[in-house]
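Protein chains in written order, with numbering that gives the first Met the number 0: chain A, 0 to 586; chain B, 0 to 586.
It should be emphasised that the hints constitute simulated quantities derived from the structure, not laboratory data.
Take these hints with a grain of salt, some might be off.
[Claimed, not checked] Below, simulated SDA-like cross-link-like pairs (lysine to any residue); rule was C-alpha separation at most 20 Å, straight line: (1) B/124 - A/184; (2) B/510 - B/532; (3) B/1 - B/113; (4) A/510 - B/571; (5) A/1 - B/367; (6) A/466 - A/506; (7) B/310 - B/367; (8) A/325 - A/303; (9) A/215 - B/230; (10) B/520 - A/325.
[Said to hold, decoys possible] A few chain B residues facing chain A, derived, Cβ under 10 Å: (11) 327; (12) 380; (13) 546.
Please read these numbers as outputs of a predicted model, since none were measured by experiment.
A virtual CB, placed ideally from N, CA and C, is assigned to each residue, including glycine.
Protein chains: 2
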Amino acid sequence: MKRSLVNEIKNIEIGEKIKLNGWVQRRRDLGGLIFIDLRDVSGFVQIVFNPDVSKEALRTADTLRTEFVIEAIGEVVRRDESQVNKNNEFGHLEVIVEDVTILSKAATPPFQISDDNINEDIKLKYRYVDLKRQELQNILRLRHKTTKAVREFLDNEMFVDIETPFLSKSTPEGARDYLVPSRIHEGEFYALPQSPQIYKQLLMLGGFERYYQIVKCFRDEDLRADRQPEFTQIDIEKSFTDQEDIIEMNERLISHVMKEVKGLDVLLPFPRMTYDTAMNEYGVDKPDTRFDMKLNDLSDFSKTVDFKVFKSTVENGGVVKAIVVKNQASEYSRKNIDQLEAFVKNYDAKGLAWLKYNEEGFTGPIAKFFGESEQSELKNLLNVEENDLVLFVADKPSVVHASLGNLRNKLAKDLGLLDKNQYNFVWITDWPLFEYDEERGRYIAAHHPFTSPKKEDEGLLETDPTKAKANAYDIVLNGYELGGGSIRISNPELQEKMFKALGFSDEERDKQFGFLIEAFKYGAPPHGGIAYGLDRFVMLLAGTDNIRDVIAFPKTTSASDLMMKSPSTVSKEQLEELNIEIIKTKE
Amino acid sequence: MKRSLVNEIKNIEIGEKIKLNGWVQRRRDLGGLIFIDLRDVSGFVQIVFNPDVSKEALRTADTLRTEFVIEAIGEVVRRDESQVNKNNEFGHLEVIVEDVTILSKAATPPFQISDDNINEDIKLKYRYVDLKRQELQNILRLRHKTTKAVREFLDNEMFVDIETPFLSKSTPEGARDYLVPSRIHEGEFYALPQSPQIYKQLLMLGGFERYYQIVKCFRDEDLRADRQPEFTQIDIEKSFTDQEDIIEMNERLISHVMKEVKGLDVLLPFPRMTYDTAMNEYGVDKPDTRFDMKLNDLSDFSKTVDFKVFKSTVENGGVVKAIVVKNQASEYSRKNIDQLEAFVKNYDAKGLAWLKYNEEGFTGPIAKFFGESEQSELKNLLNVEENDLVLFVADKPSVVHASLGNLRNKLAKDLGLLDKNQYNFVWITDWPLFEYDEERGRYIAAHHPFTSPKKEDEGLLETDPTKAKANAYDIVLNGYELGGGSIRISNPELQEKMFKALGFSDEERDKQFGFLIEAFKYGAPPHGGIAYGLDRFVMLLAGTDNIRDVIAFPKTTSASDLMMKSPSTVSKEQLEELNIEIIKTKE
C-alpha cells in the first residue's frame, strides 16, 4: 500500500483505506480512545485509536508522544457534524486506525515549538526543531515560490541562467572579502564573490545578451540585525538595453512575482523619484511612500526670522526642515518629545525643536521666537491643522536628512501608519556617480566603478566628478532597497577615465582591472542590469522583519552557526597544507 | 523604434523596416556594395549597404571590421532564389540598410574564434572571446535547459528548493576542505561545503519531507582533467521513502530531462546491476553498457591447466579473467598488443597475456600451454569465433578488474564502438558499506557515514563490518557516474554503531557529529536521497569530453583562473584582519 499525504485524503472515498506517515502533533485520551493529530508536509488530520477496531494499535498509541514519527493505516470516515474541526482543512474527516508502526521515537524537544518566548540563540542551536514551526515552513516555501516565479519570468524572456565562480579574486573596491587560501599556489588566495558583477559583464562581452542567476554572495562586514555574511542575489544583466528598458522589464518581473506569490495585482508603471527628491522630501534614499509626513524645507523662511538657531544655520550653509505629525500634538508629552530628540541625536542632530498647533496658534518653547505674521506664514508653509505636532532639525543637509528621514520612519511605526499588506514600489533614479568615503579619504563609486555617467555628465569626470549623475536606479519597496542596478560603461576609454576619477594610478588600475579593460576592446555591446536582494524581498513578502526567518540555516550577528558550531578550529595539518599559520593576538 | 532580434525577422512583412543590434560576423565587398552577416543571440542575417540607398551608411560600413557592435535600420527584402543561403535559417531574407551606428569598435581578437588549434590556456585567458563560439553558446544554453527541466519536474513533485550555507564547518571525513578564515573568531575557520549532505538531512528532521537544490560544492583535491575545484550538484532528499521509491522517482526525473533537453524517449525502468556484478563482469563500478566485451572469469578453468602463471595465481587467491575483442585479431600486431600491455600496467597488472583465434585454433605465445581439450574448453567458455583476440590478466581481483575494466573502455573507444547518441542508463545497487582507505590505514564509509546498511546486515556492523552491504545506489550513464545516493540512517543508536565501526572514539564522534546525533533524537523520519553531478550530466548531454566546456568560467587543472589571474596575493592588512600569516616554504 502506498503512502498518501494528508491532503490527499480529500480524494479518498469515505470507507476506503489510507496509509499516512507523519509526526504526532497532539494527543488526547478520551473515554478509552486515543485521538492523535497526525501532521505531514501537507497538513494534519485526526486519527483515532479505538479498542473495538484494534487493541494492539491502541496499545501502541498509548506509547506515543509528541513528535514521534509513525505510520498509520486505517479507514477514512466522516466526523459528526458537531465534531468537525473548523480550524483545519481536513477537520471534517478522520481515520480509524487499524495498524500503526512507530518509525522513530522522539525525546522531549528542547523547547515547545509554538513557544514564542524562547531565546533566539536556543532556537538557532536547535534549528531543526524550530524549522518545524508552521511560520518557518511557510516562509521557506514562499521563498521557493518567489524564485520559481522569477525564473519563470526570466526564462520566458529568453534569459540564460549561467553559473559564475565562487572561488574568485579579491578586489579592494567594495566591502571586505572573505578569503580562501590556495593550497597549490603558496601565499595566494581566492576571494568569495561580493557579487557576480564582473562575470556578468564578461558574459555580455561573450555575446550571451541576457543572463540571470540566483546566487549566493559574500561580504565580511560587521553584521547588523538585518545582514548575513552570505546572502542571495537575483542577478540580471542584458545587452542592447537602456534604463527605460530595464525599468520596464523589471516592473513586469515584479508584477509577475507579486501575482504568483501574493495573488496581488500591482499597478504599473511604478512611480519614480530622483535621488535628490528622495533625499529632500523623505531624508533617505529609500523612502517609504505608504505614508506622507514629508520633510518641509523651511530654509528660506528661516533666513527671515529672528530665531538665531535657524537663521545662523542657514547662513552657514545648513538647512532647516520640519515634519508634521498629524493630529498627535496632544499625545506627545514633553517626555515623549525628549525621547524623539534622543533618537535624532543618533544621527548627529544637535537637537529637535518642536511646536504644537491648536486653535490658539503655535505653542512650545520656540513659539516665542516667531511673530504673528511669521506664525501665519509657518502655518501656511506646513499646512498645519488643529492638534498637529511639528518637529524641526536645523543642521547641515546630511544631518537634517538622516535625522528627520529616520524619525519619520520611526514615527510611522510607532503610530501604526504602516500597512504590511500595502506594497509601495518606487524607482529612485539619477543617483550621484560618486560618494565620499570617510575611511578611505577619497571619492568612491556610489554604485560600483562600472556604472556609466549620464551622457551629458561625461565631461564632468575630468572637471568636477562629484557633480556627475549616474545611469543608476534602485527599486525601493516600503522603505527597503529591494534591488539596484545601472547601465554599465561599455566604452574602454570612458572606463579608464572613471578609474582616473576614482584616484586609481594606471598601475593599480591595470593590476586590478586590466583584464576587464582589455576585454572591452573586443566589441562591447551596451549593457546594464540589476540585482535584487532575495532575502530582503522574501522578508517583505512574508511580512517578517527578522532576516533569519527567511534563511534555513542562518548565522548570528557574530557570523556564527550555533547549531554546527562553526566557525571552528581546524587541524595543524590543514593549515600546514595551506601554508598559513594563526597569529595569536589574544590569550 | 524598438530593436528586433534577428530571429524575429520571420515575423516582419517583406518591405517593412527592422532595427537590429549585434556583432559583425563577416564582411564581403562586392561591386561597390558591402555585405555583412550581423549576428545576435538569436542567429545571424545578411545586411546590405548599397550607395543607392544610403551613401552615408555605406561609408560607415566601410569602416566596419569583425566583432564591431552595430545598430542597423533597414528594409526587410527577400533574396533572389539563387542567392539564398541554405546554411542559415534566415538565408532567404536580407536587410537593405538605411541607417547604421557603430556602438562599439573591436580590436582584432587575440585568436580566431573558429580556430580549433589554439592552445587552451590562451582561450581561457580570453574566455570572453571564446564564449562567443557557437559550441560554447549552445552548451551553456543546454545547461540551463537541463536545470530548468530538473526544476520543473521536482517542483511538480512538491519538492522545495532550499538554500543551505556556504560558510560551513570543516569535517575530516571525506575530501580536503577549502577553508575560510574567520575575522571575528580568531584562529577559527569556516569550510566550503563538499555537499549539503548534513543540511539536507537536518531539513528532513525539520519536517520539509522533500528538498532539492542545484548548488555549488567544493573539494580541494588534486585536479584531474575532468575535475574542477568547484562543481555543481543537483541535490535531492526525501522523507518516508525507500530505495525503490527513490529509484522510481529518479527514473521519471531523468526521463523528463532526456525528453526536454534531447527530445529523446528513454525506456523505463532502467536496468539494474549489483555492485558485485558490475565489478565481476565489467571490472569497474560504472560500466559502459553500450557495448559487450564483458570480463570472463577463467579462474576455475585456470586451476585445471598446466600454465603455471594462471594456476598459481588462482591457488594464491587471485583470479584470471579475459576479454574477447571480436573480429580484431588480424588488426592487432605484437606491437599493438605491447601497447595494450603498457596500458594495463598503469593499473598494476604484471602483464597482459593474449591469444588469437582462427580456424586453426588458438595462436599466440601462451597457446602452447593449453592442450587440445583445454583449447576446446576455452573456446566454449569464451564463445570465441574466427579472428577474435583474447586478452587475459591474472592477478588479485582488484588489479584484474581495474586492468581489464579500463582496457575494455579503452578498446571500445579505439575501435569506435561508442555511439555518442546512445544513452545507456544503469543503476548500480548493493554497494559495500565500507571501503579500505590506504592513506588513513582504516576502513571508511564507502558512500558517507550516514548511509544505512541493509536491514539484514545491521548485525555485521559489530561483528564483520566489511561484509555489510549498503542501501546505496549509483546511476551510471555510458560509463560515467551521473549520481549516487542512499537511504540514510534515521536511528540514532544505529548511527552511533556506524561511527564506532568507522573507528571514531566517542569523543571524536561527539566533537564532529554530536549535534547531528542529538538532532536525530527528536523524531527522525526515514529518509534518503541522491545527488547528481550536473557538470558531468551536461557534458554527456552535450557530447563533449571537456568538463571546461560546460562551465562559463572554468579553472585549469592547477585550480587557476587565467582570465582574472586568481588566486592572487592579497594585502598585509587583509591577512592581519584575519589573524593569519603566510609560511614561506619556497623562495
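Quick rundown of the hints versus the structure:
no.	hint	in the structure
1	B/124 - A/184	holds, 18 Å
2	B/510 - B/532	violated, 30 Å
3	B/1 - B/113	violated, 31 Å
4	A/510 - B/571	holds, 17 Å
5	A/1 - B/367	violated, 62 Å
6	A/466 - A/506	violated, 26 Å
7	B/310 - B/367	holds, 15 Å
8	A/325 - A/303	violated, 26 Å
9	A/215 - B/230	holds, 15 Å
10	B/520 - A/325	violated, 56 Å
11	327	violated, 42 Å
12	380	violated, 46 Å
13	546	violated, 13 Å
In this structure, the earlier hints numbered 2, 3, 5, 6, 8, 10, 11, 12, 13 are contradicted, and the remaining ones agree with it.
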